[in-house]
Amino acid sequence: MPTTTAGAPLSIQSTTAPAQLELVNVWKRFGDPAAPTIAVREVDLRIPKGEFVTLVGPSGCGKSTLFNMIAGLIAPDNDGSILLDNVPQPDGKLLGKVSFMPQRDLLFPWRTVLDNAIIALEVEGVPRREARKRAEAMFPEFGLKGFEYHYPQQLSGGMRQRVALMRTFLFERDLLLLDEPFGALDALTRAKMQSWLLDIWARRKRTVLFITHDIDEAIFLGDRVLVMTSRPGTIKCEEIIDLPRPRDPALVTSAQFTTIKRRLLDVIEEESMKSFASEGL
Amino acid sequence: MSALSDRAQKALLAGLRSGAVAAGPSWQRRLLTGFLRSPLASMIALALLWEFATIAFAVPRRALPPPSAVFADAWTVRADLLASFGRTLLETLLGFVAGSLLGCLSGITFAYVRTLERSVFPLFVISQSMPVVAFGALVVIWFGNTLLAKVVMALFLSFLPVTVNTLRGLKGVDPQRIGLMRSFGARGFTLFAKLAWPWALPQVMVGLKVAISLSLIGSIVGEWFGETVGLGVMLLQAMYTEDMTRLWTVIVACGLMGSALYGLISLIERRLVWWRSAS
Chain A
5 MPTTTAGAPL SIQSTTAPAQ LELVNVWKRF GDPAAPTIAV REVDLRIPKG
55 EFVTLVGPSG CGKSTLFNMI AGLIAPDNDG SILLDNVPQP DGKLLGKVSF
105 MPQRDLLFPW RTVLDNAIIA LEVEGVPRRE ARKRAEAMFP EFGLKGFEYH
155 YPQQLSGGMR QRVALMRTFL FERDLLLLDE PFGALDALTR AKMQSWLLDI
205 WARRKRTVLF ITHDIDEAIF LGDRVLVMTS RPGTIKCEEI IDLPRPRDPA
255 LVTSAQFTTI KRRLLDVIEE ESMKSFASEG L
Chain B
-3 MSALSDRAQK ALLAGLRSGA VAAGPSWQRR LLTGFLRSPL ASMIALALLW
47 EFATIAFAVP RRALPPPSAV FADAWTVRAD LLASFGRTLL ETLLGFVAGS
97 LLGCLSGITF AYVRTLERSV FPLFVISQSM PVVAFGALVV IWFGNTLLAK
147 VVMALFLSFL PVTVNTLRGL KGVDPQRIGL MRSFGARGFT LFAKLAWPWA
197 LPQVMVGLKV AISLSLIGSI VGEWFGETVG LGVMLLQAMY TEDMTRLWTV
247 IVACGLMGSA LYGLISLIER RLVWWRSAS
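Residue numbers (our numbering), protein chains in the order written: chain A, 5 to 285; chain B, -3 to 275.
Just to be clear, a hint being listed does not mean it is correct.
[Stated by the list, open to error] Chain A residues, not near chain B, derived (Cβ > 12 Å throughout):
#, residue
1, Gly76
2, Gly96
3, Leu99
4, Val127
5, Tyr155
6, Thr193
7, Pro248
[Claimed, not checked] Listed next, the in silico SDA-like pairs over lysine to any residue satisfying Cα-Cα at most 20 Å (straight line):
#, chain 1, residue 1, chain 2, residue 2
8, B, Lys190, A, Arg210
9, A, Lys97, B, Arg178
10, A, Lys209, A, Leu174
11, A, Lys196, A, Ile244
12, B, Lys190, A, Pro144
Hints are computed from structural coordinates only; laboratory data are not their basis.
No residue lacks a Cβ here, since even glycine has one placed at the ideal position from N, Cα and C.
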C-alpha cells in the first residue's frame, strides 16, 4: 500500500465503499526479459465507487502506460492483476468496459461534432438516430449547443476537448479514465474546464481517475492525489484532499490548499532529486 | 461557362475602352480578375499566342498547324471524332473503375494480411516493369479486338497506384485513434469501416487521380493493337498518313478528356473526401 504522507485518517468513503477498480501488484516490463526496461512497477491501487482520484507525476513516469493497461489496450505483466468491480480482468477483457479519454482529443475530421460524440455508441450498436438523440440532449450541458453540425476543425481547442469529453461521457461506463484532458489548453480555459468538469461529475457521479502533471489541478479536482515517480514508475504516496465541495476556483489561493501543495511538492522534489542522482546528473 | 466568359470579355473590353478597369463596378472587377486567373483564360491566351505565332513566323502546317486549322479539322470529322471520343471514354471509365476496385481490394488485403503483402505485393510492383506494349500483345491474343481488351489494358495500367496508396493510407492510421476505438470495444470490420477506411480515403484519392490519367493512356494504347473506332485509332491513322492537323485534333481531344476526367475526380474529392487525415 502507498504510504499516506498526509497523516490524515483515510476518508470513510475510501475504506468502506465497494471498490470500482483495484490494481494489485501491477508491473509492466518491456524489452529483453533478462534485463527488462521497467515502465510500471508494483502498483497497488484501490479506487472506491464514485471517487475522483488524480494522479500526478513527471512526464515519462509511466502514467500513460498505466492508463493504457487500465483501458485494456496493453496487458499488465503476469505477476499482477487488475480488478474491475472485484472481477479480475485478464488480457484484453477490459476493452469496452472503461470510458477512456486520451490526452489528445482524437476527433475524426470526417464526422460532425454530433457524430463524433456518438462514435462509441455506434460501436456499441446503438442505432444512429437513437444515439444522436441521446447526444443532442447533452450539448447544452457541455457548452456546445449550436455546434452540432460543425466539424472539429472549425472548433477551438477547448471546445474540441469538450467534444472529446462528451464522447467519453456518452460511453456510459462507471469508470472514467482521463489522461491530461486539459493539458494543451491555456490557463484560463483550463480553469473554466476544471470547474465545469467538477460540476458534471457531481451530477453524474462516476468514478474518475484523472492524470495530470499540474499539481494545482490535481489538488483542485481530486478527493485523493496519487504521486507517481519515474524510473521505474510506481505510486510513491497519496494525499487525501479533504477540501470541501463544491470547490470554488478561488480555493487555490487558500492557506489549506497551499499547505497541501507544499507537502506534495516536497515529495515530488525529493523524488526528482533522487532520480537525477541515480542518473549521475 | 460561356456566359461567364462572355460577360468577362465584355467587362474587359469596357475596361479597356474607358482606359481604367479599376473604375468599373466591383462585381465586374471581381468577375474579370476571377476570369483572368482561371485556367480557361490562360488556355485562351495560349491558343491566341499559338495562332499568331504560326501566322507571324509563317510556320508550315506540316510542322505546327494553327489552332484555327485544328478546330476546322475537328469540325469536318465531328461525327467520327465524337464516336471515337465516346468509345475511348467508355474504355477509360470501365478500365478505371475495374482498376480502382482491384487496387482498393488488393490494398486492403495487403494492409491486413502481412504474409500476402510480403509475398504478393512485390509481384504487383514487378508486373509494372513489364512494358505495357508487351502486355498489349498478350491481351489482344487473349481477348481479341474487343472492348474487354482495352478495358484490361486500362486496368493493368491504373490499378497499382490505387493499390499502393490504399495500402499506405491504411498503414498510416493513427495508432492512438485505433487505441481509442478499441477501448470502446471496436474490433475487426467496425474498426475498418468507422476509422481505417475514412482515414485512408484522402490517400486513396491520390491514387485514383493518378489512375484516371493512366487509364486513358491504357485505353489509347489498347486501341493501337486493333480497333476501328477510338481516339487511339484516329491517332494511329493520322500518324500513318502524316496528317499533322488531324494529329493535333486528336491530341487536343485526348487532352480535353484527360483534364475533364481528372477534374471530375478532383470534384468528387472536394465534395466527399475533403478532410486531411494527418495526425
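Cross-check of the supplied hints:
no., hint, result
1, Gly76, "violated (7 Å)"
2, Gly96, "violated (9 Å)"
3, Leu99, "violated (6 Å)"
4, Val127, "violated (4 Å)"
5, Tyr155, "violated (8 Å)"
6, Thr193, "holds (22 Å)"
7, Pro248, "holds (34 Å)"
8, B:Lys190 x A:Arg210, "violated (28 Å)"
9, A:Lys97 x B:Arg178, "holds (11 Å)"
10, A:Lys209 x A:Leu174, "holds (14 Å)"
11, A:Lys196 x A:Ile244, "violated (24 Å)"
12, B:Lys190 x A:Pro144, "violated (26 Å)"
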